[in-house]
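Residue numbers (the UniProt record's numbering), protein chains in the order written: chain A, 1 to 320; chain B, 1 to 270.
It is worth saying that the hints were derived from the structure and are not from the lab.
Just to be clear, a hint being listed does not mean it is correct.
Once the Cα atoms are required to be at most 30 Å apart in a straight line, the calculated BS3-like pairs of lysine-lysine come out as [to be verified]:
| id | chain 1 | residue 1 | chain 2 | residue 2 |
| --- | --- | --- | --- | --- |
| 1 | B | Lys151 | B | Lys206 |
| 2 | A | Lys9 | A | Lys55 |
| 3 | A | Lys173 | A | Lys133 |
| 4 | A | Lys304 | A | Lys198 |
| 5 | A | Lys248 | B | Lys6 |
| 6 | A | Lys86 | A | Lys304 |
| 7 | B | Lys153 | A | Lys55 |
| 8 | A | Lys86 | A | Lys198 |
| 9 | A | Lys198 | A | Lys248 |
| 10 | B | Lys151 | B | Lys76 |
| 11 | A | Lys5 | A | Lys198 |
| 12 | A | Lys304 | A | Lys280 |
| 13 | B | Lys206 | A | Lys5 |
| 14 | A | Lys55 | B | Lys206 |
| 15 | A | Lys55 | B | Lys151 |
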Amino acid sequence: MAPIKSLEKEYPLIDTNFQSFCASHAIFSVEDFLLHDIDALIALADNHSASQTLKQGIDQLLSIIHTLHPPLLNGLQLLEDSQRNKHVLSTGCEGIDALLGGGLREGQLTELVGTSSSGKTQACLLSASTVAKHKSSVVYLDTGNSFSPQRIARFVGQSSGYVSDNQADHMLKKVLDRIICYSVFDIYQMFDVLHQLKINLRSEIVKSNQHVRLLIVDSVSSLITPILGGNGPQGHALMISAGFLLKKLAHEHNIAVLVTNHVVGGEDGISKPALGESWKSVPHVRLLFSRDCENNVCNISMLKHPSMASGRAASSTMFL
Amino acid sequence: MNEKEKEREEIEKWIEGDESAAEMLSRVSSVRPFVFPPPLHRVPLRVGNVLELVGPSPSAKTHILIHAAITSVLPKPYGGLDHLVLFLDLDCRFDITRFSRSLIHRITRHGTDSYDRTLYDLCMARFLYVRCYDSFEFLHTLRTLHCRLEKEKEVHGVGVHLLMIDSIGAFHWMDRASMFLSQRENNKKKLFLQTVSEAVVQNIRKLLQVHPMLIMATKSVIFGNIYSKASNDVKGNMEERCSKNVTRNHQNFQYREYMPSVWQVEVFYE
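Extracted from the complex, chain A is given alone in its bound form:
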């Protein structure tokens, strides 16, 4: 939001006199004004020599605030937005799709939790190739150099029934073109990429054939874990900000967000998702992956879902 000085041009009531009055009460921006007790401010303005113009200035600021508030929607509008804009994206994995009632929902943040080599990255790659095959773009943030185009080629080759190699190559090229992969090695880089993505999405609404529908961060925990710890709140603040940024992108641009998280040992030897209690309130959906070493079956169970009972489970052999 803006410093009060910048409002001067547009609103003549906010003149230098009013600005110096605000500055004497440590109000330099609209945020400061929001934090200040308005009744107290009006009372102070009353004692001032030019109380009338000061009060007009305060009223002007209040009306500016009124135009900036987040929108108030009713249930019908909300439902309409959800039905019109928030589609379900198939992950290409029958087990997950069945568990989630069709797949990943746009506007929601889905988290895959599991030990190393439990199939999280494979599920990400499979979802990316499935969504890209349906003519939508995918943004893939890769933190551990685990993105594998060969794997994608295999997934695309498996499901498409093309006879000639030429056709299949053409198809594969198109799919790979639609997956935009970024190598990201710390959380600040992730913020850079996400902010840039936000700007791009805002300016390029017209290019609907390249609509970004899926954003993958594999793995989000490897970016966040290094900044947690210590006594300061900065690490947690960055973590929660990242969560809000992802959710904002998801909601405003109708993107399904898929992140992965590892597990850590709990107190009783039972492993639990990493990143702790504060992160728990970030994802909409949480799926737990575990793998049977002997028969290569990946078991998936639901830890959390906004509208389904948790604890349901499915197993899948598809991508192993």
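Given chain A, put chain B in place with the hints provided.
Quick look at chain B alone, frame taken from chain A:
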């Protein structure tokens, strides 16, 4: 003699009482109009109160809110309260399809399998929703709420008597680490978190003065190492857990001090 009579009169007047039981019942039920489905049915609530639901995630806090919201928006013949509800979503995780499904479930319970579309639309329109991504948006919303609530009241013919905040501690970490004020106000030894929570509480208090309603806020437990144990111990002392939490969570410590409210804590486990 005269004095004795006077005394007697006074005593009689005192014994007589101010109102009959029926009058009292009608008075109390108008001040305390909130009757919610379990587990909130035992909590005496009235306009002006602030109810806080505390629990680890997931402990069905939002579920309780949704059912309370449905009870509020339903018309009286359907067991509802005939109000508007405003849902402030600070966690940004609210799922409208879940609300819609629960609503349909509630409507059909009172009738046949096919539900009344006009009733459904009426209830959905009475559910108001605002989503905030940071503390400033939240403050913005609180400050402009009164005007907007008045507008909604005109449109719908009934007022908002229930405000839900899910969840109040959502921006705790972001505010705690914020450098917003400390950059230039070194003389003022006040933390940003404290300033924000004071402003939030002040705005809520002012809002309650001009627009009496019930506030329900959820608060998720964010200090894992203590509460992972507590959450396993279902029969643990709720009071103790609450006080622990309040002292650890600065923002809500402020809250308790500032709010003239029934500080009733419900912990609900599935």
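Here is what the structure says about each hint:
1. B:Lys151 - B:Lys206: Holds, at roughly 18 Å.
2. A:Lys9 - A:Lys55: holds (19 Å)
3. A:Lys173 - A:Lys133: Judged against 30 Å, a Cα distance of about 10 Å means the pair holds.
4. A:Lys304 - A:Lys198: holds (28 Å)
5. A:Lys248 - B:Lys6: violated (73 Å)
6. A:Lys86 - A:Lys304: holds (19 Å)
7. B:Lys153 - A:Lys55: holds (28 Å)
8. A:Lys86 - A:Lys198: holds (18 Å)
9. A:Lys198 - A:Lys248: With Cα atoms ~9 Å apart, lysine 198 (chain A) and lysine 248 (chain A) stay inside 30 Å; holds.
10. B:Lys151 - B:Lys76: The hint holds at about 23 Å.
11. A:Lys5 - A:Lys198: Roughly 28 Å between the alpha carbons, so the hint for lysine 5 (chain A) and lysine 198 (chain A) holds.
12. A:Lys304 - A:Lys280: holds (10 Å)
13. B:Lys206 - A:Lys5: holds (28 Å)
14. A:Lys55 - B:Lys206: holds (19 Å)
15. A:Lys55 - B:Lys151: With a Cα-Cα distance of about 24 Å, the restraint between lysine 55 (chain A) and lysine 151 (chain B) holds, given a limit of 30 Å.
The structure does not agree with numbered hint 5 stated previously, though it agrees with all others.
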